[in-house]
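J.: Generate the whole structure from the sequences, applying the supplied hints.
Sequence order for the protein chains is A and B. Residue numbers 143 to 340, in the working numbering, belong to the letters of the first sequence in order. Residue numbers 143 to 340, in the working numbering, belong to the letters of the second sequence in order.
Hints were generated in silico from the structure; no laboratory data involved. The structure displayed is predicted, hence computed values, not measured ones. All C-beta atoms, glycine included, are put in the ideal place defined by N, C-alpha and C. Mixed in with the good hints, there may be bad ones.
A few chain B residues facing chain A, derived, Cβ under 10 Å [unchecked claim]:
1) Ser248
2) Pro249
3) Met320
Which stretches of chain A does chain B cover? Using the computed rule of at least three CB atoms under 8 Å from a CB of chain B, they are [unchecked claim]:
4) 158-172
5) 310-321
Protein chains: 2
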Amino acid sequence: MRSLIDELARMPGIGARSAERLAFYILKSESPDALRLAEAIRSVKENLHHCADCYNLSDSTLCALCADPKRDHTRVLVVEQPKDLIALELTGMYKGLYHVLMGRLSPLDGIAPGDLTIAQLLRRIDDPKPDAPRIEEIILGLNPTVEGDGTALYLAGELRTRRVSVSRLARGLPTGGMLEYANKAVLADAIQGRQSVE
Amino acid sequence: MRSLIDELARMPGIGARSAERLAFYILKSESPDALRLAEAIRSVKENLHHCADCYNLSDSTLCALCADPKRDHTRVLVVEQPKDLIALELTGMYKGLYHVLMGRLSPLDGIAPGDLTIAQLLRRIDDPKPDAPRIEEIILGLNPTVEGDGTALYLAGELRTRRVSVSRLARGLPTGGMLEYANKAVLADAIQGRQSVE
Chain A
143 MRSLIDELAR MPGIGARSAE RLAFYILKSE SPDALRLAEA IRSVKENLHH
193 CADCYNLSDS TLCALCADPK RDHTRVLVVE QPKDLIALEL TGMYKGLYHV
243 LMGRLSPLDG IAPGDLTIAQ LLRRIDDPKP DAPRIEEIIL GLNPTVEGDG
293 TALYLAGELR TRRVSVSRLA RGLPTGGMLE YANKAVLADA IQGRQSVE
Chain B
143 MRSLIDELAR MPGIGARSAE RLAFYILKSE SPDALRLAEA IRSVKENLHH
193 CADCYNLSDS TLCALCADPK RDHTRVLVVE QPKDLIALEL TGMYKGLYHV
243 LMGRLSPLDG IAPGDLTIAQ LLRRIDDPKP DAPRIEEIIL GLNPTVEGDG
293 TALYLAGELR TRRVSVSRLA RGLPTGGMLE YANKAVLADA IQGRQSVE
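T.: This is the structure:
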């Protein structure tokens, strides 16, 4: 019992009291329920891998997006984490593929280009699989933070010599917000990136 | 004393208790201090007008921006309120002129084009003053809200037949934010408005 509480308490956002409550819930629940939870945890760890192409989470070699012939295989949106991919996918606005970097460059934390899946991204561009079309556009979808911008800058440099067009997600006023509450950096982006209206 | 407290309590964010505290502060303060406050209030109401060109707040016929020959008089950024102008001006990124609409279209509240300074904006474009250069770009800087978008759409329609290029402030991810916390509308804007990277 002690070791179950300890293991539960190691999860993020779960303190000692919550862990105790969860442990007692498991103790009191029917045996099949508890075993299903154990099995689900085991299964995730054993069966969930990273997609061989884009490093999205997947339970087969290729993820559902990379394996889908209806997606636009000439466009790749580069994100930091699988959860960014999920957020973008929920909009339903994007029909291309993704590439998950598994992090961002962070010299202070010792995270260098070799620690991310940058080489794999460049290989997808330089050396496409025999049956795959050539990648024509890379969309940088890194977080609009200092480290995200640094990573985007590094990637743009690597991509400059390659025959792909490079774009980045728009930056500016968040829809639904009010101009008067936006900070200087957001307003400066909005002025600089202003878009033509037909 | 009662009437001073009542008047103070009518100001936004000042309740009965705060009004009382302010009234007693005025009562106890030296006479010249209190009279300077009274004079400042009177002076604002008597001397602060709207700029004859752009409807910004001004204490002379033309505001300091419209009167400044160093600003780019061929560009006009259209905003809803003087406080939007102040926020944009603080970025230091924009060197053109402004036009304050004094509100936004709102059919539900009965605010029609005639209630805003739209006719005056069109006159600035169609009929520039003898010494002024022709306006070449109108930047729509309305709030990214339903009513702001409606007003922008109406203005874009009015401007279509005129020889000016029309743009709008960029919409997308707010700088410094995280992709995973952005809502669907913001992410959809960011994907649609993606910008080319050289």
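J.: Does each hint hold? Answer for all of them.
T.: Hints, verified against the model:
The beta carbon of Ser248/B comes no nearer than 15 Å to any beta carbon in chain A, farther than 10 Å, and the hint placing it at the interface is violated. Taken as an interface hint, Pro249/B does not check out: its beta carbon lies about 19 Å from the nearest beta carbon of chain A, beyond 10 Å. The closest approach between the C-beta of Met320/B and any C-beta of chain A is roughly 5 Å, which is under the 10 Å cut-off, so the hint is satisfied. Counting residues of the segment 158-172 of chain A whose beta-carbon sits less than 8 Å from any beta-carbon of chain B gives 0, not enough to reach three: the coverage restraint is violated.
Remark: the segment 310-321 of chain A is confirmed as covered by chain B, as 12 of its residues place a Cβ nearer than 8 Å to a Cβ of that chain, reaching the required three.
Consistency note: the structure conflicts with the earlier hints numbered 1, 2 and 4.
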